[in-house]
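> These are the residues of each chain, in order.
Protein chains: 2
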Amino acid sequence: MPTYQAPTSDTLFVLNDVLGFERYNNLPGFADATPDMIEAILGEAAKFSEEILQPLNRIGDSEGCTRSDDGSVKTPTGFKEAYDAYTEAGWGTLPFSSEFGGQDLPATLATAVSEFMTGANMSFGMYPGLTAGASAALLAHASQEQKEKYLPNMIAGKWTGTMNLTEPHCGTDLGMLRTKAVPQADGSYKLSGQKIFISAGEHDLTENIIHLVIARIEGAPEGTKGISLFVVPRNLINEDGSSGEKNGVTCGSIEEKMGLHGNSTCVLNFDDATGWLVGVENKGLRAMFTMMNEARLGVGMQGLAVSEVAYQNAVTYAKDRLQGRSISGVKAPDKKADPIIVHPDIRRILMTIRSINEASRALILWTALKGDINRRSDNEEDREAAEDFMELLTPVIKGVVTDKGFENTVMAQQVYGGHGYIAEWGMEQFVRDSRIAMIYEGTNGIQALDLVGRKLGANGGRAIQAFFKEVGSFISANKKNDAMAPYTKPLSKGLTDLQSASMWLMQNAMQKPDNAGAASTDYMHLFGLVAMGYMWGLMAKAALEADGDNNEFMQKKLITGKYFMERIMPETSAHLARISTGCDTMMALEADAF
Amino acid sequence: MPTYQAPTSDTLFVLNDVLGFERYNNLPGFADATPDMIEAILGEAAKFSEEILQPLNRIGDSEGCTRSDDGSVKTPTGFKEAYDAYTEAGWGTLPFSSEFGGQDLPATLATAVSEFMTGANMSFGMYPGLTAGASAALLAHASQEQKEKYLPNMIAGKWTGTMNLTEPHCGTDLGMLRTKAVPQADGSYKLSGQKIFISAGEHDLTENIIHLVIARIEGAPEGTKGISLFVVPRNLINEDGSSGEKNGVTCGSIEEKMGLHGNSTCVLNFDDATGWLVGVENKGLRAMFTMMNEARLGVGMQGLAVSEVAYQNAVTYAKDRLQGRSISGVKAPDKKADPIIVHPDIRRILMTIRSINEASRALILWTALKGDINRRSDNEEDREAAEDFMELLTPVIKGVVTDKGFENTVMAQQVYGGHGYIAEWGMEQFVRDSRIAMIYEGTNGIQALDLVGRKLGANGGRAIQAFFKEVGSFISANKKNDAMAPYTKPLSKGLTDLQSASMWLMQNAMQKPDNAGAASTDYMHLFGLVAMGYMWGLMAKAALEADGDNNEFMQKKLITGKYFMERIMPETSAHLARISTGCDTMMALEADAF
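Chains as they are written, first to last, in my numbering: chain D, 2 to 595; chain W, 2 to 595.
Hints are supplied without guarantee of correctness; some may be wrong.
Same chains, same names: a pair is fine if it fits in one copy or spans any two.
Said to hold, decoys possible - Okay, derived cross-link-like pairs now, DSSO-like style, lysine-lysine, Cα gap no bigger than 27 Å in a straight line: (1) K284 <-> K490; (2) K148 <-> K159; (3) K337 <-> K191; (4) K284 <-> K181; (5) K320 <-> K513; (6) K148 <-> K181; (7) K557 <-> K494; (8) K557 <-> K75; (9) K513 <-> K337; (10) K336 <-> K284; (11) K480 <-> K191; (12) K284 <-> K337.
Bear in mind the hints are in silico, worked out from the structure with no lab data behind them.
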């Protein structure tokens with residue numbers, strides 16, 4: 002049976018030593034997030050994750066969710082009790098405004114907490130995760146009346162939230178959606194249509210579920226210009242704020258899927274369901290993007306979280322499993338064989354995963370902090386710069402951390418040999434669960450297009466130029482520091498590759514847009530490597546500056562970072578080489594030739 | 002529901018145009034394999050695979066195998082009937098000696114046939130696949146009496162075979178095995194112990210199952226020097242050759258695994274089971290390697306086969322699914338959106354898989370042909386050269402084609418977006434099924450070590466030098482051919498990287514063996530890329546020389562090969578860069594530091 006230990010000290014290292022969280026105590030809510038407070042919260046989150054959530058992970062996979070004929074859905078054994086404990090502890094309230102019952106704490110901290118919970122139990126983490134996304138969308142776009150009606154109970158976890166985008170014939174291309182909304186005399190709408198792949202769409206954890214739904218108001222323009230956002234509670238809300246009679250939305254079926262069985266992925270049928278417009282008519286897509294940006298960062302975090310738990314178990318197995326002898330000489334002469342962690346190829350796997358996970362964690366928290374600055378700073382310049390970075394990095398994190406995260410779970414599974422393929426060891430569940438993160442909230446191919454087609458050119462390339470400048474300045478500032486050379490030199494090479502690729506795109510994608518599409522995934526991964534490399538630069542610097550403090554821990558950081566530079570960064574050149582070949586050969590065959 | 006179409010014309014292209022099969026008609030059995038005969042056999046194999054085996058693939062996954070309390074195992078609905086049809090058509094007899102009821106046809110042809118069957122239904126293909134491996138081991142090591150006793154029924158498919166190596170505490174490190182064999186007065190042995198992960202270990206397809214089992218004879222030396230091979234029929238064979246009373250071997254349970262549910266993976270308990278020594282006492286490991294080399298090539302073929310069927314379905318979906326508009330201008334103005342095959346990032350996935358599959362197929366058949374030459378040629382020099390190549394390439398094919406094959410199924414699944422994650426579409430089954438090929442018959446890490454630690458240095462590096470010479474000569478011979486430049490130039494670069502990596506190993510692995518282990522997986526992949534690149538060189542040349550014959554088909558080959566050179570070959574430089582960093586950072590952390 003797999004185990005999980007929340008990576009608390011790694012998270013604290015990023016927050017305190019790398020990001021210098023204390024420097025931001027002028028931001029609202031940050032003053033409360035003292036180092037002691039952060040440590041206490043992360044400690045409690047670790048305990049909750051390890052003791053309550055992790056033991057339910059395998060049960061969630063084997064039992065799955067079951068739908069009754071009346072459309073109700075039962076979650077796996079223990080999920081309800083765990084969810085009650087979650088809400089009682091107020092975990093969902095951390096980053097939200099105290100106006101609606103939140104604690105005003107940094108979203109960065111909430112992100113760190115949700116990594117722990119997801120690492121322990123990804124399926125469980127989805128229920129509050131989607132609620133947080135839906136709450137963020139309401140906060141940004143709903144009327145004050147709507148906020149007061151829904152947010153307190155959502156933030157408290159008394160109600161959960163969902164996002165209803167996908168329909169059978171449209172996923173990426175939301176302009177094709179057919180769910181329609183008919184205006185009623187009282188200002189409400191009647192929604193009809195079918196939504197699929199709705200995570201946490203129906204369950205038995207809470208008395209109500211607040212669906213956010215995109216639909217087309219009768220007579221609205223075709224395409225994305227006619228999409229509006231609605232709030233559709235599963236149970237209508239009574240005058241006194243309690244949940245009342247059932248609305249016209251039912252779970253038609255639960256999808257049979259590859260993994261994530263503990264979360265109910267539903268087909269939802271809307272049949273004259275009563276909903277209320279959120280924000281402005283026909284501007285629903287913009288509101289949806291608020292929700293999606295939050296969610297995309299969250300999905301990147303899932304890629305990391307499952308990779309981390311898979312890594313931890315691979316380490317345990319590699320230390321326990323005796324097989325063969327070290328080629329550099331017997332290491333455990335008192336045993337029949339050496340533990341497989343002595344073999345370089347096993348070490349390669351562990352170091353690879355470890356070095357990517359630690360960089361991913363830093364990158365996700367670094368970006369989450371930009372989000373906090375963007376939402377909370379009173380300095381417009383700071384807000385703009387933070388937003389630029391957050392917008393730029395969100396698709397990179399979603400696309401790269403989930404791709405790498407999945408690869409990592411596959412490598413961790415490989416450490417187990419044949420046992421990795423057997424259900425009882427739990428490793429194959431990590432592979433099946435983490436696979437979805439590459440797909441939902443926009444496939445990783447879509448993330449790459451978002452990066453290349455939208456984010457790079459936004460505001461005349463302001464964000465990417467600022468990124469180049471920040472990384473370049475870091476390299477320059479540390480040029481004379483010999484101890485930093487193992488980090489800055491490979492990073493500099495990676496940055497040059499990224500700049501060359503960016504230049505290639507500028508020169509070749511304008512007149513031939515397919516060149517952008519043909520480059521997109523490689524460009525995203527090249528970007529991800531440089532961003533992770535930059536994180537390793539920051540981490541190495543922090544480790545060196547710790548100066549004897551917690552020395553063993555810091556030494557491990559320095560070695561892991563060096564491994565990343567030696568073994569992971571060289572991939573940038575292959576990406577650049579591919580990008581530079583353009584789209585001609587890729588697109589040469591007619592569709593019929595396949 | 003997924004479909005499958007055997008890639009008959011691609012296979013014929015390799016056999017006829019690339020390998021020039023007719024040139025080998027001086028080898029025994031090859032004279033019968035005329036182009037017409039080959040086409041007829043492949044045509045029948047395609048029909049059988051597409052019509053009989055493919056429709057059972059999803060059923061096999063969803064039903065799985067079920068064990069009754071008496072230890073008997075029921076295969077999924079339809080498998081028994083399909084197996085009967087398989088034996089009736091004599092598919093298992095193709096490559097075996099007519100002395101035991103075989104058809105003496107080239108093993109290369111049998112390999113091509115088994116790709117089709119595996120692509121249609123990997124779980125089904127394992128039953129005859131293991132029988133073929135066990136038969137090959139008996140052919141090579143058993144006494145004439147044993148051969149006559151077992152082989153005719155095994156080759157005919159009346160009985161199946163298995164390989165019993167793994168025990169709970171030992172997989173890779175077979176020296177630790179505990180199954181013991183006690184000599185009996187009549188020359189037989191009584192075997193006791195537990196074997197796990199035994200594919201096709203128990204089932205209801207045939208009246209008997211012939212287990213090949215490695216065990217330690219009482220009093221034999223510890224470690225690998227005390228391992229002997231035994232034949233242990235599930236039912237003892239009567240004097241008249243019929244299957245008689247039950248032997249002391251029972252299926253204790255069926256493993257719950259990630260995929261491959263249609264094949265019964267058994268825990269087999271040997272309880273004073275009667276067995277007979279095969280070959281020489283304490284030389285069982287050598288005999289087992291015969292079986293494993295056959296099997297490893299077969300596993301590489303599985304990696305290709307599932308990648309191929311996943312690719313085909315991704316192509317179909319990409320042509321059907323309407324979503325978004327081409328960034329280079331609307332392609333299907335009469336439709337609500339363009340089919341997603343117009344998007345470069347989708348095209349990237351399809352071209353990547355296609356270019357790897359076609360190279361893998363060529364490489365597997367090229368290597369299988371070496372096997373035929375090695376077994377059948379009367380020229381010792383030819384035999385030796387062929388054996389060298391087969392030994393060298395077997396771990397590369399097993400390791401690289403299954404790694405890439407799995408990655409390909411994941412990419413093909415990605416084309417489906419959310420639908421790829423849903424069971425009914427069948428794509429996630431391909432991912433789950435193909436995952437095992439990276440693990441069994443020696444994990445891919447073990448393949449890499451076999452290549453670097455055993456195959457490279459064998460006979461003073463004779464095989465690798467011959468490989469360098471063959472590829473180098475090919476490049477030189479085509480240097481002046483401009484039409485070949487898109488293939489020979491990148492191949493030349495790749496070959497140089499491989500040679501540099503080999504040189505690095507020579508200079509650094511002797512004094513520090515961990516440098517070999519640290520390089521092994523990257524070296525194997527670098528080797529695989531160059532080997533595939535060489536295959537594309539051969540294919541491009543064959544396509545150019547076809548000279549207007551079947552022009553459209555040949556044009557596709559040329560474009561696909563060019564794509565491989567542009568987008569896949571550049572990975573060699575990243576592998577070389579990683580290898581060159583050595584083992585120091587990788588091994589720097591103490592085991593306890595993880």
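> If a hint holds in the structure, say so; if it doesn't, say that too.
Each hint, compared with the structure:
In this assembly of identical chains, K284 and K490 lie within 27 Å of each other by CA distance neither inside one copy nor across copies; the values are 47 Å within and 53 Å between. For the homomeric pair K148 and K159, the shortest alpha-carbon distance inside one copy (15 Å) is at most 27 Å, but the shortest distance between copies (72 Å) is not. In this homomeric assembly, K337 and K191 come within 27 Å of each other (Cα to Cα) only across copies, at 26 Å, whereas the closest approach inside a single copy is 71 Å. In this homomeric assembly, K284 and K181 come within 27 Å of each other (Cα to Cα) only inside a single copy, at 15 Å, whereas the closest approach across copies is 74 Å.
Proximity of K320 and K513 under a CA criterion of 27 Å is satisfied inter-copy only: 23 Å between copies versus 53 Å inside one chain copy. Taking CA atoms no more than 27 Å apart as the test, K148 paired with K181 passes inside one copy only; the shortest distance there is 24 Å, against 72 Å between copies. In the homo-oligomer, the alpha carbons of K557 and K494 lie at most 27 Å apart inside one protomer (24 Å), although the nearest pairing across protomers, at 37 Å, exceeds that limit. Taking the closest pair of Cα atoms, K557 and K75 never come within 27 Å of each other, the shortest separation being 45 Å inside a single copy and 52 Å across copies.
Only between protomers do K513 and K337 lie at most 27 Å apart by alpha-carbon distance; the minimum there is 24 Å, versus 63 Å within a single protomer. In this assembly of identical chains, K336 and K284 lie within 27 Å of each other by CA distance solely across copies; the values are 25 Å between and 68 Å within a copy. For the identical chains of this complex, K480 and K191 are neighbours neither inside a copy (63 Å) nor across copies (71 Å), given an alpha-carbon limit of 27 Å. With identical chains, the CA atoms of K284 and K337 are at most 27 Å apart between copies only, with a shortest distance of 21 Å across copies and 68 Å within one.
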